[in-house]
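Chain residues, written in single-letter form:
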Amino acid sequence: MTSPSASTPKALSKIACNRLQKELVEWQVNPPVGFKHKVTDDLQRWVIEVNGAPGTLYANETFQLQVDFPEHYPMEAPQVVFIPPAPLHPHIYSNGHICLDILYDSWSPAMTVSSVCISILSMLSSSTEKQRPADNDRYVKKCRNGRSPKETRWWFHDDKV
Amino acid sequence: MQNKEDLPANATVDVVTSGKASEIDDWETIKDNDIMQQQSAILAEEAEKIQYVGDKEPVSSLAAEYQSGSAILLEKIKVLNEQYAALRRTRGDGNCFFRSFMFSYLEHILETQDQVEVDRVKASVEKCRKTLLDLGYTEFTFEDFFGLFIEQLESVLQGNEGSISQEELVARCRDQSVSDYVVMFFRFVTSGEIKRRSEFFEPFIMGLSNATVEQFCKSSVEPMGEESDHVHITALSDALGVPIRVVYLDRSSCDTGGTSVNHHDFIPTSEALPSTASGGSEASKPYITLLYRPGHYDILYCK
Chain A
1 MTSPSASTPK ALSKIACNRL QKELVEWQVN PPVGFKHKVT DDLQRWVIEV NGAPGTLYAN
61 ETFQLQVDFP EHYPMEAPQV VFIPPAPLHP HIYSNGHICL DILYDSWSPA MTVSSVCISI
121 LSMLSSSTEK QRPADNDRYV KKCRNGRSPK ETRWWFHDDK V
Chain B
1 MQNKEDLPAN ATVDVVTSGK ASEIDDWETI KDNDIMQQQS AILAEEAEKI QYVGDKEPVS
61 SLAAEYQSGS AILLEKIKVL NEQYAALRRT RGDGNCFFRS FMFSYLEHIL ETQDQVEVDR
121 VKASVEKCRK TLLDLGYTEF TFEDFFGLFI EQLESVLQGN EGSISQEELV ARCRDQSVSD
181 YVVMFFRFVT SGEIKRRSEF FEPFIMGLSN ATVEQFCKSS VEPMGEESDH VHITALSDAL
241 GVPIRVVYLD RSSCDTGGTS VNHHDFIPTS EALPSTASGG SEASKPYITL LYRPGHYDIL
301 YCK
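Chains A and B are the protein sequences, given in the same order.
Here the first sequence stands for residues 1 to 161, numbered as in full-length UniProt numbering.
Here the second sequence stands for residues 1 to 303, numbered as in full-length UniProt numbering.
Quick caveat, the hints were computed from the structure, so don't treat them as lab data.
As the structure is a computational prediction, the values presented were derived from the model and not from experiment.
One or more hints might be untrue.
[To be verified] In silico DSS-like cross-links for lysine-lysine, where the CA-CA straight-line distance does not exceed 30 Å:
1. B:K122 to B:K285
2. A:K14 to B:K122
3. A:K38 to A:K22
4. A:K14 to A:K142
5. B:K285 to B:K130
6. A:K14 to B:K49
7. A:K36 to A:K14
8. A:K10 to B:K218
9. B:K218 to A:K22
10. B:K56 to B:K78
11. A:K130 to A:K141
12. A:K10 to A:K36
13. A:K36 to B:K218
14. B:K78 to B:K49
15. B:K56 to B:K218
16. B:K127 to A:K14
17. A:K14 to B:K56
18. B:K303 to B:K285
19. B:K49 to B:K285
20. A:K22 to B:K127
21. B:K122 to A:K22
22. A:K10 to A:K38
23. A:K36 to A:K22
24. B:K49 to A:K22
25. A:K142 to A:K130
26. A:K10 to A:K141
27. B:K130 to A:K130
28. B:K127 to B:K56
29. B:K130 to B:K218
30. B:K130 to A:K10
31. A:K14 to B:K285
32. B:K78 to B:K218
33. A:K38 to A:K14
34. A:K10 to A:K142
[As the list claims (entries may be wrong)] Under 7 Å between C-beta atoms, here's a sample of chain A residues computed to sit facing chain B:
35. K14
36. M75
37. L88
38. S108
From the three backbone atoms N, C-alpha and C, an ideal C-beta is built for every residue, glycine too.
Assemble the whole structure, with the sequences as input and the hints as a guide.
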């Protein structure tokens with residue numbers, strides 16, 4: 001099986017394109033606090049700057065999220081990863097992959113890029129320790145072939161962080 | 001069918017206590033993990049052998065699946081075969097309730113050409129749209145799904161430019177780009193209704209999943225592939241004002257002697273209408289009948 005991230009992504013469907021244009025307009029009018037969309041002419045890949053929330057472990061730190069949209073967005077989840085260096089967090093791997101249920105099994109078309117960003121920031125803000133997941137090295141090694149986090153079989157067992 | 005729920009309990013425990021991604025180091029869990037992946041691959045493959053919506057077939061065809069099984073199920077299938085004209089299967093991908101409802105409802109409109117019902121349901125859909133806006137949903141997240149359902153509804157009415165035949169309806173319900181969107185429309189409607197009447201639904205949801213109404217909608221209603229329970233059916237039936245009969249094919253035996261098959265009618269609460277003493281009018285008699293077997297819904301046709 002070839003990894004979607006390694007091959008050229010399929011072009012956005014008409015519905016996906018329309019939806020993303022609406023999301024982009026909404027973002028420009030009403031951007032989520034702490035995020036900055038780096039404007040490019042690529043509708044299918046968004047790069048978003050994240051600022052750690054004041055008063056949390058990540059205050060004054062800046063990270064970059066890369067959001068890739070599949071052909072059938074929003075029926076299918078976007079692929080969301082941190083561009084390394086990724087924040088030190090028990091649910092974020094050093095290759096930027098994020099263990100967060102809404103990015104995989106629990107994705108719903110009712111969500112938006114903006115709501116996903118807010119969930120990720122909330123995950124960062126509630127962290128009490130800066131450390132990598134216990135299986136970081138093993139997992140990152142497995143992903144060296146450029147595998148997408150959407151192909152990982154994730155287990156979500158801790159909703160406290 | 002949620003693969004994770006079908007897994008051996010010990011595998012779940014091992015994996016959950018170690019890491020977040022599924023790559024695990026000790027042999028026990030690697031073995032379990034392989035089995036899990038294999039199992040889920042098999043289930044996915046099995047599910048795809050069945051169309052989203054199948055062809056009409058005799059109810060008696062169910063018996064083949066239970067030949068070596070319980071006698072009571074075979075008896076019940078005989079009873080069903082006498083009571084119902086046909087069966088139409090749907091794919092077991094977690095969306096089977098919504099998919100069955102979609103086909104059954106649109107086929108009913110196609111056959112009856114009931115303009116009054118279409119106008120009525122359109123008014124209900126408008127209310128659902130308002131509910132979602134009131135709940136704070138952004139319109140662009142749901143408008144495409146609403147639009148696609150209204151389009152299907154109008155196309156089954158004959159005499160319009162975009163009118164479609166029964167064959168075309170089957171084809172559309174098998175086409176992911178239409179079918180999944182309509183399923184998602186129903187998920188939005190269901191979620192909106194549950195949240196709008198959260199006080200009513202809360203005790204049922206607590207009983208099912210120990211989650212809050214908000215969590216339940218986010219994790220068990222709005223994502224595609226999440227199975228439906230009586231909470232979903234009640235909410236959808238109420239929101240759209242469409243009664244639904246669910247016939248249960250399970251091992252439960254009845255104490256009345258002869259074999260009979262239980263059913264439950266979901267009759268919409270008519271908030272807008274004053275409740276009359278006479279009650280059960282023609283309007284509340286279900287014309288959508290679904291066959292429930294633990295974990296799955298198919299469509300039944302009345303004689």
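Comparing the hints with the structure gives:
Straight-line distance between C-alpha atoms of B:K122 and B:K285 comes to about 20 Å, which keeps the hinted pair within the 30 Å bound. Taking the CA atoms of A:K14 and B:K122, the gap is about 26 Å. The hint holds against a cut of 30 Å. The straight-line distance between the Cα atoms of A:K38 and A:K22 is roughly 17 Å, inside the 30 Å bound, and the hint therefore holds. Only pairs whose Cα atoms come within 30 Å are accepted, and A:K14 paired with A:K142 is rejected, the gap being roughly 35 Å.
The hinted pair formed by B:K285 and B:K130 meets the criterion: a straight-line CA distance of about 27 Å does not exceed 30 Å. Our distance criterion of 30 Å between C-alpha atoms is met by A:K14 and B:K49, whose separation comes to about 28 Å. Taking the CA atoms of A:K36 and A:K14, the gap is near 26 Å; set against the 30 Å cutoff, the hint holds. For the given pair, A:K10 sits about 28 Å from B:K218 by alpha-carbon distance, which is consistent with the 30 Å threshold.
Our distance criterion of 30 Å between C-alpha atoms is met by B:K218 and A:K22, whose separation comes to about 22 Å. For the given pair, B:K56 sits about 18 Å from B:K78 by alpha-carbon distance, which is consistent with the 30 Å threshold. For the hint pairing A:K130 with A:K141, the CA-to-CA distance comes to about 21 Å; that is within 30 Å, so the pair holds. Taken as a hint, the A:K10 and A:K36 pair is honoured in the structure, with Cα atoms around 26 Å apart against an allowance of 30 Å.
At roughly 26 Å between alpha-carbon atoms, A:K36 and B:K218 fall within 30 Å of each other, so this suggested pair holds. Taking the CA atoms of B:K78 and B:K49, the gap is about 26 Å. The hint holds against a cut of 30 Å. Under the criterion of a C-alpha separation no larger than 30 Å, the hint pairing B:K56 with B:K218 is inconsistent with the structure, at around 34 Å. A distance of roughly 28 Å separates the Cα atoms of B:K127 and A:K14; the hinted pair therefore holds under the 30 Å criterion.
Between A:K14 and B:K56 the CA atoms are separated by roughly 33 Å; this puts the pair beyond 30 Å, and the hint is violated. Proposed proximity of B:K303 and B:K285 is supported: the alpha carbons are some 15 Å apart, at most 30 Å. Between the alpha carbons of B:K49 and B:K285 the distance comes to roughly 34 Å, so the proposed pair goes past 30 Å and is violated. Restraint check: the Cα-Cα separation between A:K22 and B:K127 comes to about 23 Å, which is no more than 30 Å; the hinted pair holds.
As the CA atoms of B:K122 and A:K22 are separated by approximately 25 Å, the hinted pair is consistent with the 30 Å bound. Our distance criterion of 30 Å between C-alpha atoms is met by A:K10 and A:K38, whose separation comes to about 22 Å. Straight-line distance between C-alpha atoms of A:K36 and A:K22 comes to about 17 Å, which keeps the hinted pair within the 30 Å bound. A C-alpha spacing of about 37 Å is found between B:K49 and A:K22, which places the hinted pair above 30 Å, so the restraint is violated.
Proposed proximity of A:K142 and A:K130 is supported: the alpha carbons are some 23 Å apart, at most 30 Å. The straight-line distance between the Cα atoms of A:K10 and A:K141 is roughly 27 Å, inside the 30 Å bound, and the hint therefore holds. Of the supplied pair hints, the one linking B:K130 and A:K130 is violated, its CA atoms being roughly 43 Å apart against a limit of 30 Å. Between B:K127 and B:K56 the alpha-carbon distance is near 34 Å, which puts this suggested pair outside the 30 Å criterion.
For the hint linking B:K130 to B:K218, the alpha-carbon distance of about 19 Å falls within 30 Å, and the restraint holds. A hinted pair counts as satisfied when its Cα atoms are at most 30 Å apart, and B:K130 with A:K10 does not qualify at roughly 35 Å. At most 30 Å may separate the alpha-carbon atoms for a hinted pair to count; A:K14 and B:K285 exceed this at roughly 40 Å. For a cut-off of 30 Å, the pair hint linking B:K78 to B:K218 is broken: about 40 Å separates their Cα positions.
A hinted pair counts as satisfied when its Cα atoms are at most 30 Å apart, and A:K38 with A:K14 qualifies at roughly 23 Å. As the CA atoms of A:K10 and A:K142 are separated by approximately 25 Å, the hinted pair is consistent with the 30 Å bound. The beta carbon of A:K14 is not positioned within 7 Å of any beta carbon in chain B (closest approach about 10 Å), and the interface hint is therefore violated. Contact between A:M75 and chain B, as hinted, is supported at the beta carbon level, the nearest pair being about 6 Å apart and thus within 7 Å.
At a threshold of 7 Å, the smallest CB-CB gap from A:L88 to chain B is about 15 Å, leaving the interface hint violated. A least Cβ separation of about 4 Å between A:S108 and chain B falls short of the 7 Å threshold, and the interface hint therefore holds.
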